[in-house]
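Asks: Build the complex: two chains, separate frames, hints provided.
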Amino acid sequence: MMNLSPETLQKIEQVIPHYPVKRSAVLPLLHFVQEERGFISDEAIEWIAAKLEIQPVNVYELVTFYPMLRRKPIGRRHIRVCRTLSCALMGGYRTCAEFQRQFNTGLGGISPDGEVTVEFVECLASCGTAPVVMIDDELHEKVDAARARALAQEIRAAARPEGAR
Amino acid sequence: MPAPEQHRLVFRQIDEPGYSNDLACYLRNGGYEVLRKAVRRRPEELVDEVKKSGLRGRGGAGFPCGVKWSLLDRKSGKPVYLIVNADESEPGTFKDRYIIYRDPHQLIEGIMITCFANKVEQTFIYIRGEFPDGAKILERAIAEARAANFVGPSILGTGYGCEIYVHRGAGAYICGEETGLIESLEGKRPYPRIKPPYFPAVLGLYQCPTIVNNVETICHVKHIADMGGEAFSKIGTPNNTGTRILCVSGHVQRPGYYEFDVGKLTMGQLLNEVCGGPLPGRKFKAVIPGGTSAKVLKFGERYKGRRKVGAEMVEYDWGVEDIPMDFDSLAMVGSMGGSGGVIVMDDSVSMVEALGNINAFYSHESCGQCTPCREGSLWMKRITARMVHGDARPEDGALLKSVADQIAGRTICAFGEACAWPTQSFVGKFGDEFKAYSQEKGGPRPDAAPELV
Chain B
161 MMNLSPETLQ KIEQVIPHYP VKRSAVLPLL HFVQEERGFI SDEAIEWIAA KLEIQPVNVY
221 ELVTFYPMLR RKPIGRRHIR VCRTLSCALM GGYRTCAEFQ RQFNTGLGGI SPDGEVTVEF
281 VECLASCGTA PVVMIDDELH EKVDAARARA LAQEIRAAAR PEGAR
Chain C
438 MPAPEQHRLV FRQIDEPGYS NDLACYLRNG GYEVLRKAVR RRPEELVDEV KKSGLRGRGG
498 AGFPCGVKWS LLDRKSGKPV YLIVNADESE PGTFKDRYII YRDPHQLIEG IMITCFANKV
558 EQTFIYIRGE FPDGAKILER AIAEARAANF VGPSILGTGY GCEIYVHRGA GAYICGEETG
618 LIESLEGKRP YPRIKPPYFP AVLGLYQCPT IVNNVETICH VKHIADMGGE AFSKIGTPNN
678 TGTRILCVSG HVQRPGYYEF DVGKLTMGQL LNEVCGGPLP GRKFKAVIPG GTSAKVLKFG
738 ERYKGRRKVG AEMVEYDWGV EDIPMDFDSL AMVGSMGGSG GVIVMDDSVS MVEALGNINA
798 FYSHESCGQC TPCREGSLWM KRITARMVHG DARPEDGALL KSVADQIAGR TICAFGEACA
858 WPTQSFVGKF GDEFKAYSQE KGGPRPDAAP ELV
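Chains as they are written, first to last, in my numbering: chain B, 161 to 325; chain C, 438 to 890.
Hints should not be assumed to be uniformly reliable.
[What the hints assert, rightly or not] Selected chain B positions facing chain C (in silico; Cβ < 10 Å): (1) Leu187; (2) Asn218; (3) Pro227; (4) Ile234; (5) Cys247.
[What the hints assert, rightly or not] Result set (EDC-like, lysine to aspartate or glutamate): computed pairs, CA atoms no more than 20 Å apart in a straight line: (6) Lys625(C) to Glu221(B); (7) Lys489(C) to Glu667(C); (8) Lys625(C) to Asp202(B); (9) Lys573(C) to Glu298(B); (10) Lys171(B) to Glu314(B).
Hints listed in this document are in silico derivations from the structure and should not be mistaken for laboratory results.
Note that this is a predicted model, so its numbers are computed, not measured.
Here a beta-carbon is modelled for each residue, glycine too, at the ideal position from N, C-alpha and C.
Bound conformation, chain C alone (with noise of 0.2 Å):
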């Protein structure tokens, strides 16, 4: 069956020519016509338009923004405050990149609709610390709108106000986990706050009620405020509502960001068709489909089970090929949707020097305050860079294993599954890899083998 169009929703104007990320340009291609109209309604309408829509955060969890938001604490009489996590540092996800470089309108349109529905008092953007234009592009846009009214004191001659303020972040990914993105934005170093009882929506910022959303996000909201919520849920598939957008990078014809309805679109469309498949002379080996915190997909590996389409049960026997691109589907398969960066390797990839790239990664970036994380992540570096650098032993993929299955379920927040994960599903799924490398390893190797650790 060949690949669906791309259906551009957030991204509908980032690549016209001539388009740019000033506010005479936003306005020209209608832009905050969204605001002025939300702005007239009740915010409560508007809270459930994005219940009925159906839409799940796009920063890695899914959770649906409208029941988030209706988690919020109103009782307390204490300032709700939005933050927008543009931490974006999930490896393998470039897609806020595109939206806050060019399109920064359309995400302060999202956020302002947000915060009217909401009654937010104050909200920061949390942008990584590596986008230092990103930051530079957001506070010129922000400025722009204040002057026109749309962010400020009062927003279109409403009486309701709200400010946008950039923060920037200094390179450490544990903000993007928003309890930690918390600290860091109290100034403080971004320990994951423990949940009970510091759920955002209750006890977050200042111990205020906060919502915490993606960019993505937030940028659907306006297009939800704009078609409506029964509109945007009829988008995709049940229960995966909406568009996308997915970010393929690695060993594919195509690397780069598209946009298509959820579950629309399966694996194999996405990387033989729209990326337009393998480099020459390769074939796949393996996907990660949701940032490196994801399972690995290994090709020609099998999926079976019974799943719901409609009211019915049914049968399903998937490869990695036949999976749909939705929340849902990839959890099914025992990975998930994450952040929609998929991160492809073809067959001159070493699973053990990939894994080691890997862990090198998730052992820098632990925040230290857990101990099975922290250790554990660690020794995980240690051994996969001892297996390429030193000695390889045929039993060490069971010694990794044994440390991350240690660390998962122990910790404060989800980076200890997000460092467990990775060694967990390369050992699991290439365990023979791992095995055969301390024989291997000095033999030869394809021309287009990168060099990973």
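Next comes chain B alone, as it looks inside the complex (with noise of 0.2 Å):
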């Protein structure tokens, strides 16, 4: 059993008529599930499907193809630097190395403290305040290495509960 929470559910309820047909609603139920648990596990998978009166390598091939869904847990925070040629441009490359060394990460794992997970991505459609980094749900603009520091140091001053430094 899955057991989501009763906002999950409720969210997933609704989605579902927008669509005349059922399956349409798989990559909404998708985000809904990672957005609670954070990825998406074999038994989120079947239960979409058989939600969705689909096969559950109907959801499967999804979760495989689309660079968001991810199969295992991140970081609390998720940080994800554009790759992209203008960001790129811009000193993209020295911002994601500035955030991998302050976190003391490689791509794409947890770093050792639990906190970040740090990714390269593609095009973040922000070209023109280059170079960007989404944190969590939100976009930073024109965040070059010193930035890219003063942004951790956010992230970690969040992390520590009060008193405890």
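Replies: The following block contains the structure:
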């Protein structure tokens, strides 16, 4: 059993009737489940398939296709640095390296402190304010190495409980 | 000649102080008045206005919007769908983001006029997964519009109804291709469909007639309904009508979004005057005029030929700076207006490395359906990555070109061309740089040289 939260279940029940064909709701359901659980488990694939009356492979083939869907958990915060040309021209590779250095982590994994996952992603469609970075759902613009250090500091500060430092 | 003034139609409000994305603000600024007038007209009249306007799609292909609408299969008796393509994923393009985040009601008004004109039963806005806040903003705006009867079962008491739902993608570039988008919306892998027979206007979403229009295109529909197709067709230049948003990124002093009458502005005016020219101490080297799929233009090269001006054929002899920023002129010089994303590279950039960056993008984003594209994009990426990080050989340029030449024209969708054109044009125009790369790569680099691969 998935034991999804009532809020997620409600969103799922609301979105399915938006479509004349149930199968169309598979991406929205994957988003909702990933937003709650952090990744898409085998169990989630089976549950969504049953919910939409399709085969599990029809869910699985999407999870393996779409870059934003994950099969594994990530760090508490998700740092996505744009890799594509306009950002790279303005120093996106330096920005990405700085985030990795700040959290002592490679690309895609979870940092040793469990705090972040740093990813290099393709175009985030904010090329005029390059280099750009998404931290969780929020876009940060003109993030050079110095700004990356400041953002890393904010993330670390927010992670520590009051008085713990 | 000095650059003309910007002409902000779609972006008229977004930078006004105090302008916000809620319904109250939109209504204070005359919002939904065009829809109110439109629903009192016959739907066919509105389609005619769009045809007369000459509006060409702003997503990339530049297909005439009115023609697209008139191809809808009405005889089938099946419901008609509208899909708004808000996948905005062509690198270098960032116009739809600002419409969605700052002026969502303008888009919704354009949608409802489009729906009323085409008797659409249901609309989906397919928004890229990387705009989570954009999706929320749109959903809130749609709810506001529904509460005010601009969207819903009987809009403005007309008895005509249409719902709009927001559908989020999940990070795949191919979903911007209209038939890939449709597959994605049907809950499948977004493998583009083969045309014929799967023209969306006939066999689109759920095999029903479907219109797929870009966000900016839909916003222009509102302005066409407002001013009339004839008046709109007088903006810009013949066959390249209206205004267009140009997104400039990369090595200029003032990157950003600008809206101009189509074709009234040259590349030189855009980059040197509007965007303030190159960065201090640098010179322009190359520019990609319409998103990374468009063929690169090299500063210093000349474009010669004959073109139609009014009824006459005249000779032209242009440098990059002289090219008018419209669909036809950019096609004449061998590139394209595409999505309006202008990416500028200065003399600190190695063209081998810039191509390596682009190739990594296309190899990541190929959907994998057609062998030439799936394998070819990967080979091109591997070759350029090897040139940068391993051994470069003088013949690598020719090798790259031979791979690219085997992709274009051999795939189901235009991604094949999109991934081949950068390699063909970079190697074609900067061949010496590819030949010399093996000797020069270890040598001194400009201080500003960015890491790209």
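Asks: Decide, hint by hint, whether the structure agrees.
Replies: Hints and how they fare:
no.: 1; hint: Leu187; verdict: 6 Å, holds
no.: 2; hint: Asn218; verdict: 7 Å, holds
no.: 3; hint: Pro227; verdict: 4 Å, holds
no.: 4; hint: Ile234; verdict: 14 Å, violated
no.: 5; hint: Cys247; verdict: 8 Å, holds
no.: 6; hint: Lys625(C) to Glu221(B); verdict: 8 Å, holds
no.: 7; hint: Lys489(C) to Glu667(C); verdict: 6 Å, holds
no.: 8; hint: Lys625(C) to Asp202(B); verdict: 18 Å, holds
no.: 9; hint: Lys573(C) to Glu298(B); verdict: 13 Å, holds
no.: 10; hint: Lys171(B) to Glu314(B); verdict: 32 Å, violated
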